[in-house]
Amino acid sequence: MLLLEKNAMEKLDKFSVDYAPGEIIFCEYEPGNEFYFVKKGRVSIVKIINNREKTLDVLEEGDVFGEMAILEAEPRSASAVAMGPETVSLLKFHRDNFDAILQGNPQLAYRLLVIFSKRIYDAKRRLMILLLNEPQLRVMDVLNMLAEAEQKFDLDSPIILKTNPNEICNWAGLPMEDTQKALTQLANLGKIEIQADSVFVKNIRDFQRLVNSRRKQMFTR
Amino acid sequence: MSSGVGKVTTRSYKSGSVVYFEGDKSEYIYILKAGKVLLTYLKPETGEEVKEHIKPGEFFGVKSALGRYPREETAQTLTDVVVLVLTLGDFESIVLGNIAVVKKMLSVFSNQLRRIGKAQREVLGETNVVNPEAELFKIGEYYFRTQKYSQALYAFKKYMGYYPDGLNAQNSMQRIKDIQSGNFSNELPPPSDDFQDSSSAANDSGFGGFSDFGTDSNDSPPDMTDFDSGFSVSHATELSSEMDDFLGGTSSAGGGLSPEDKIENARSLFASGDPRSAEPILKEIIEDASLEHGASAKTFEEAHIEYGKVLMKLGRLQDSLTAFSNFVKKFPQSKSAKAALYNSGLIFMQAGQKQKAAAYLQKAASMPPADDITFDAKRRLTQLQ
Chain A
1 MLLLEKNAME
11 KLDKFSVDYA
21 PGEIIFCEYE
31 PGNEFYFVKK
41 GRVSIVKIIN
51 NREKTLDVLE
61 EGDVFGEMAI
71 LEAEPRSASA
81 VAMGPETVSL
91 LKFHRDNFDA
101 ILQGNPQLAY
111 RLLVIFSKRI
121 YDAKRRLMIL
131 LLNEPQLRVM
141 DVLNMLAEAE
151 QKFDLDSPII
161 LKTNPNEICN
171 WAGLPMEDTQ
181 KALTQLANLG
191 KIEIQADSVF
201 VKNIRDFQRL
211 VNSRRKQMFT
221 R
Chain B
1 MSSGVGKVTT
11 RSYKSGSVVY
21 FEGDKSEYIY
31 ILKAGKVLLT
41 YLKPETGEEV
51 KEHIKPGEFF
61 GVKSALGRYP
71 REETAQTLTD
81 VVVLVLTLGD
91 FESIVLGNIA
101 VVKKMLSVFS
111 NQLRRIGKAQ
121 REVLGETNVV
131 NPEAELFKIG
141 EYYFRTQKYS
151 QALYAFKKYM
161 GYYPDGLNAQ
171 NSMQRIKDIQ
181 SGNFSNELPP
191 PSDDFQDSSS
201 AANDSGFGGF
211 SDFGTDSNDS
221 PPDMTDFDSG
231 FSVSHATELS
241 SEMDDFLGGT
251 SSAGGGLSPE
261 DKIENARSLF
271 ASGDPRSAEP
281 ILKEIIEDAS
291 LEHGASAKTF
301 EEAHIEYGKV
311 LMKLGRLQDS
321 LTAFSNFVKK
331 FPQSKSAKAA
341 LYNSGLIFMQ
351 AGQKQKAAAY
361 LQKAASMPPA
371 DDITFDAKRR
381 LTQLQ
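Line order of the protein sequences matches chains A and B. Every letter in the first sequence is one number past the one before it in this note's numbering, and letter 53, counting from 1, is 53. Every letter in the second sequence is one number past the one before it in this note's numbering, and letter 97, counting from 1, is 97.
Among the clues, some could well be false.
Said to hold, decoys possible - Which bits of chain A does chain B cover? Going by a derived footprint, with three or more residues having C-beta under 8 angstroms, they are:
{"hint": "1", "region": "74-80"}
{"hint": "2", "region": "109-120"}
{"hint": "3", "region": "124-134"}
{"hint": "4", "region": "168-182"}
Claimed, not checked - Sample of chain A residues facing chain B (criterion: CB under 10 angstroms; computed from the structure):
{"hint": "5", "residue": "Met68"}
{"hint": "6", "residue": "Ile70"}
{"hint": "7", "residue": "His94"}
{"hint": "8", "residue": "Asn97"}
{"hint": "9", "residue": "Asp99"}
{"hint": "10", "residue": "Pro106"}
{"hint": "11", "residue": "Leu146"}
{"hint": "12", "residue": "Glu148"}
{"hint": "13", "residue": "Asp154"}
{"hint": "14", "residue": "Lys216"}
Everything labelled a hint here was simulated from the structure, so no lab data went into it. From the three backbone atoms N, C-alpha and C, an ideal C-beta is built for every residue, glycine too.
Modelling step: build the complete structure from the supplied sequences, incorporating the hints.
Dropping the structure here:
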């Protein structure tokens, strides 16, 4: 994904830290003073919701996390855990060194700008989904979002989205039950087919049109 | 229309032209050289149109180009305009040579991200203010219960590191011992009170001189009858400057932040334990009377209440009380009037003036909606009795 050039990476080696699989990197509600760059391995972002641990995201090489700590010591909104099977290598940057790090590593600075731009877009897109009030519309719009994210898709043809009900449920901010129900309805209507790790969408343009027109109605009433 | 100047292209537009439309895909980033550009977009929560003016020296189109997603706003010219058109490569080389610009953009970006996160939580109904201390302990308990002992140990140890005198310190210590000794069945005493003392800093700073504080005739809470009714929830989500709104091009470093960014900065500083630095920023906002009726009216209002809180934290209780009282007079319809009354109650409490404290707290507790403040105010009232 978003790797820095090799020599830029070597310069940052002194910030390197390793975690064994399963080890907590930081914990929800802990004050956040560092942000991290994934050098090797995978990191899961989890949150305990209603007494269950829920995976919100899985990060890979080149990803950044904990970036809200760049400016302030807000409590962490989720936990980060090293994933197996191998050791996870991270670069760990403390807010206090941030200026010096940026000064010495303009490439990293640029990379952060790119990552923030994407995060802002994703966050806004999620907000748009959450503002829809019917579960089925939300689920449709999650599929729209996943389709839009793939540059290579021809949205005028049927598409296969790599996703699963769990991910859709997280994005839609819905209970699993509601998500399943909405997905089943769409499947019964012949609009989608649900596989274990993918969803086949016959005509995503339909979903886009429907969501867009509902979105407009929301504000004109 | 285009002419190369060095490596970067300059382009001129007539007044009334569109530089790009919302939904366009493009990798160009612009710096306005001369003239006026207007960005317009719809606010996602309300569908209302938001306008943003770009001034010479400012960038626009940055985020969508960097993130490689469609433009989120339409950019049109209000006068004849000259722009510099940068490719991503041009932009990268400018940025690599000027870390001050990156830092400023990062700060604007991270504020935007925070605002959107806040809006998301509001939609999801996750707005309750939680106490990180109690929650961190609960995380440890969750892992303990689910027998993930190494994770539990992590959380409890962190708890002890951050809150050695915390309400759950004894229990955390007990858990650490339990885990290390393999005793996984120990029952803890009932969960501790997670009462937050938001004014502990002021408590520490000697309080002798305040006994005469507020003994003037103005004994009752100010103008409270006015907002018994009509406490409508007009709490619009902060998501106003959602654009590529950093300012000042490559030269200016500090100035040019929008009031929304300023207040976020001040809140960050306050939250990270630096009220002293937050104070002048908030003061600057509330002294700018031009904000009162513009697009930043909400921010202007919020800055007043934040200012009161900051003064309180700094131990300037009399000033703080004045700030809260002015707030209630100035914005009787504000949702935050309740917070202002509650905090005034706390100040009187600290000053040992129980009756006044009770009057303010009672008022705050009686105001709809029933939220965290209601709850805290009731607790304080019980404490007073």
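Status of each hint after checking the structure:
{"no.": "1", "hint": "74-80", "in the structure": "holds (count 4)"}
{"no.": "2", "hint": "109-120", "in the structure": "holds (count 10)"}
{"no.": "3", "hint": "124-134", "in the structure": "holds (count 6)"}
{"no.": "4", "hint": "168-182", "in the structure": "violated (count 1)"}
{"no.": "5", "hint": "Met68", "in the structure": "holds (6 angstroms)"}
{"no.": "6", "hint": "Ile70", "in the structure": "holds (6 angstroms)"}
{"no.": "7", "hint": "His94", "in the structure": "violated (13 angstroms)"}
{"no.": "8", "hint": "Asn97", "in the structure": "violated (13 angstroms)"}
{"no.": "9", "hint": "Asp99", "in the structure": "holds (7 angstroms)"}
{"no.": "10", "hint": "Pro106", "in the structure": "holds (4 angstroms)"}
{"no.": "11", "hint": "Leu146", "in the structure": "violated (14 angstroms)"}
{"no.": "12", "hint": "Glu148", "in the structure": "holds (8 angstroms)"}
{"no.": "13", "hint": "Asp154", "in the structure": "violated (15 angstroms)"}
{"no.": "14", "hint": "Lys216", "in the structure": "holds (8 angstroms)"}
Checked against the numbered hints above, the structure violates hints 4, 7, 8, 11, 13; every other hint is satisfied.
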